[in-house]
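**Student:** One-letter residues, chain by chain:
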Amino acid sequence: MTGSTAIAFAIGLPIFGVILILLNDRYPNIRDTVTLTISGCLALIVFGMVPEVTSGGRPTLTFLEIIPGLPIAFKVEPLGMLFAMVASGLWVVTTFYSIGYMRSHHEVKQTRFYACFAIAISSAMGICFAGNMLTLFIFYEILTISTYPLVIHSETKEAVKAGRTYLGLLIGTSVAFLLLAIVWTWFLTGTLDFTPGGILKEKADGPILGILLFLYMYGIGKAALMPIHRWLPAAMVAPTPVSALLHAVAVVKAGVFTVLKVIVYIFGTDTLAGIGQDDWLMYIAAFTVIVASCVALTKDNLKARLAYSTVSQLSYIILGAALANSLGIIGGGMHIAMHAFGKITLFFCAGAILVASHKTEISEMKGLGRIMPLTFTAFFIGSLSVIGLPPLGGSWSKWYLMLSASEAGLVFFMLIFMLSSLLNIAYLMPVVARGFFSAPEKPEHHDTNKPVGFWNGLNIGKIHEAPPFCLFAMAITSGGCILLFFYADKIYKMLAPVAGIQG
Amino acid sequence: MTEHLAALQVVIPLLCAPICMLVRYRDWSWSVALFGSWSCLAISWLLLQQVMTSGVISYHMGNWVPPIGIEYRIDEINAFVLLIVSAIGAIVTPYARESVRAEFGVNRVYMFYTSYMLCLCGLLGVTITGDAFNLFVFLEISSLSSYVLIAMGKDRRALKAAYQYLILGTIGATFIVIGIGLLYAETGTLNMADLANKLSKNPINKTIGTAFGFLFVGISLKLALFPLHLWLPNAYTFAPSVVSAFLAATATKVAVYVLLRFLFTIFDIKISFGVLPLESVLLALSIVAMFVASVVAIFQPNIKRMLAYSSVAQIGYVILGISFININGLAAGIIHLFNHALIKGGMFLAVGCLFYKIASVNIDKLAGIGRRMPLTMAAFVVGGLGLIGVPLTAGFISKWYLIIGALDRGLWWAAVLILLSSLLAVIYIWRVVEVAYLKPSPDGNNHIEDAPPSMLIPTWVLIGSSIYFGINTDLTVGVAKQAARQLLGGG
Amino acid sequence: MSLFGLYNYWIVVFLMMAGFYVVVAHENLIKKIVGLNVFQASVFILYITVGKVQGGTAPIIGENFTIYSNPLPHVLILTAIVVGVATTALGLALVIRIKEAYGTIEDDEIAALEEEP
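Chains as they are written, first to last, in the numbering used here: chain A, 1369 to 1871; chain B, 338 to 828; chain C, 3 to 119.
Derived by calculation from the structure, the hints in this document are not laboratory data. Here the structure is a predicted model, which means the values were calculated and not measured. Some clues are possibly wrong.
What the hints assert, rightly or not - A few chain C residues facing chain B, derived, Cβ under 10 Å:
hint : residue
1    : N10
2    : I13
3    : N30
4    : K34
5    : L38
6    : Y70
7    : L92
8    : A95
9    : L96
10   : I112
11   : A113
C-beta atoms are modelled at their ideal positions from N, C-alpha and C, and glycine is treated no differently.
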């Protein structure tokens, strides 16, 4: 399969899946098998493109011109390749998890759930491979709209309200700021293609670039820069698989990925570093990193705590991009993958706890680790990766980000990264500690009235674990966290051309 | 035959009208209207092709040579508007069959088709003619027949709305006649090309200024420029579904065309924007329209009235584009003229489908309708996305060029306002979506009972083409840019 | 002299304003239409005045006359009168239907009726 057809398949296959999913509304087993098969095929296609891209190939695909001179175009480059690998790979895992979770939780409207999920993945692929800013924007909007039904899945008043926040902030910022920035860029330069070195070089003077940077950064609401981060905690009303894949990986990473793309290919790191208009962005990102961590500390609801943790971690990447040197770009790009594995594991665990023991608040989880040892072990591994301790993947991306700050001579931001790591420990470790070392409040409570069966959970003696499908997914992602520690150099080599480092 | 196409464009619907009256039987008169509207579409398509390949067509009515005789003059811009009007007419007619049968007394159906054909004739005539007084006559034909069409609404308030529109419409038309009369007094001609020629040679004096003032106010009334839009919400709300869709998609568009014609062709830009600070006036009024009308739309309990206020806001976008007086802005105005016709026409047709099934257009009554009428509501939502200006819909293209036009002019704050106002559209569209999809239907009735295909297909043709023209913009952008260049006198 | 010479135009302006005032100020729907008619009539006079040529006769070709009034405004205004008549007829028809539906032709009373349900 050539690169161009692979792009078409990567975007088209999930859409084809949607049709099959809708057709099999009445047959849950066939429908779930379809989702699983499609996700598997997608991952194969995406991973099949890797050799070509790492060896310097840049497959392209161009569709009709929407506006004269401005087609819908795709071009695969390493940053997008990495994001596509993460998103498609984790989709397979999440599908396993979803099947376990949705069945065990007896969720309604599962067909709509799987269909929207597939559309969201398709648009995430579109974002990964977009060859110009307009294409990226189109898929960015489709992603927002297709995830809306997932956020309001339960259709309760609370969910509808959260859906309003979600849609309002994401559509609002993207239409009011991002679109303006895009049109303005087009007006100034006459192109929107992602070009190494940037397209705005010498096309506009400092203040205009400053305004454009502001419009882009606050236009990309999915990157959850404070104070437009509210949609992310709101989105936590969605079923856990959605929070896991979309609101820890696909959607939020699409945001920071867009930030990286804009800084690398629209502004150009040299241009940005040269004009000195991005200081405010570094401080805002640093502010978000610290404040979101502090807010996470105050949250008792596990998913809310994880959401604020995500807000904080996203700003690592923005900070890395704003530092505008090659190590910052590599660190930021790597953090997309590292954080994805860590955070999805944590969300899987949160969902597993909900399914098996119907608990959402951290204060209720005393001693739960003894009843759900596998889940809490996975949570432990995921936490360590998010904190950034070796031998887990998260340590590398933090390492490069800190190196980048020191290279830029900004010791202040090194300190921010360190302080944030301490805060990570403070809000993640108590969950594990409470689970394993605190005495359960009502030890016998969990032993009775548990429905037994393959789909409802694993019961062996005193242990009441989540359904096997969920456990399997958690095992893979937490294993991934460890593996990534040893394969970080591959990611480094892949991203090196993006950051302007040869070899 | 082909040399008489220009005349046939108007004559065919004009002849169809009395035939509809004479055959009386409802399906026969419907067939006549169907024939009339489809042949109009074919003719306007041929005319557009002819204009694009071989330039301006000048047809002399009854072989009387202009400027004495009446001339039909077709260039890019009015060929394009002809196509819009006749296409909407052709799509609405098949839809009308079921909808009209449901909303009218059996014996009054033929009257609908008679007025409908007259209205189509009037609108096409306004667009095609090259004679200022002839324009007034056609304007009155279309207006009178649209008063009748609106008064056919089931609700008694339709009568009141029609009466209100009649008074304001007649005042507007009379203003236009006064303007034309003063121009005639000054130049001694009524032919548009001749007028333009003579006006450019004459020094600007008070008579011309006064004529311009009267014409501007009169046309603004017809196109519902804020704050002269008062007739529009009631008229669109209480008119029969088909009429709302048809008028929303065509009547104001034709009035905008007339404004363009007077501002740019007949009066030179120097007169139009030199004598009065019209540029700032248009800019201010259109921005106020965009915001005020959108905010009002958010608070409407009636979905048709909501769409009507949204139309007032969308006309604001069109006028805003015109007020930039540059290629991109003007092209944006013309593109939006077309795109908004498709989107709003399609949405009104979708609302007509809802009315057909549940006999109400109050938003409260729409609870759970998304599950009962999935195709209808899907059309409404896609149309709504177009109003918001989501990429891949036609509305996005309009906004894109509008923003480029604003930046071209150095009005970056106007660009910001354009985008902010489209966020208001998100609110009023989403309000409907939430009720339709997320509230359970009151009687727990969830089985699917969509509108009949003869209504759904036209709805989806309009909505589908609003997507098509969001992806393939060769026709819209190509024609609009050429028309804009011509209006600005760049050749 | 000039004031007297523009006598027709003063009449036009007066009728125009009077008609417009009636349309705007009166609540009675019939009176509004009367006002509209006065308003339109002022325009007819305007056109005909424009067509007048000093010392000209009716535009019929005859041996003794060389100066004619301009016939075109007359023709135009004939059309405009037809339009005006049609408008009035339609307006009155609507008023009859409104009377049937609401039982009144006073604008404020109709507005009050609409408030109720």
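**Student:** It remains to establish, for every hint, whether it holds in the given structure.
**Tutor:** These are the hints, each one checked on the structure:
Annotation: N10 of chain C was flagged as interfacial toward chain B, and the flag is violated, the nearest CB pair being 12 Å apart, outside 10 Å. Among the interface hints, the one on I13 of chain C is violated; its C-beta lies about 14 Å from the nearest C-beta in chain B, farther than the 10 Å criterion. Given hint, N30 of chain C at the interface with chain B, is violated; its Cβ is 12 Å from that chain's nearest Cβ, farther than 10 Å. A hinted interface residue such as K34 of chain C counts as satisfied when its beta carbon comes closer than 10 Å to some beta carbon of chain B; here the least separation is about 6 Å, so the hint holds.
For the restraint placing L38 of chain C at the interface with chain B, the shortest Cβ-Cβ distance is roughly 6 Å, inside the 10 Å limit, so the hint holds. With its C-beta approaching chain B no nearer than about 14 Å, Y70 of chain C sits outside the 10 Å limit, and its interface hint is violated. For L92 of chain C, the interface hint holds, the least distance from its beta-carbon to any beta-carbon of chain B being 6 Å, beneath 10 Å. The interface hint given for A95 of chain C holds, since its Cβ lies 9 Å from the closest Cβ of chain B, which is under the 10 Å cut-off.
For L96 of chain C, the interface hint holds, since its Cβ comes within 10 Å of a Cβ in chain B; the closest pair sits about 5 Å apart. Interface restraint check for I112 of chain C: the shortest CB-CB distance to chain B comes to about 6 Å, inside 10 Å, so the restraint holds. Interface hint at A113 of chain C: satisfied, since its Cβ lies 9 Å from the closest Cβ of chain B, which is below the 10 Å cut-off.
Of the hints listed earlier, those the structure fails to meet are numbers 1, 2, 3, 6, in rising order.
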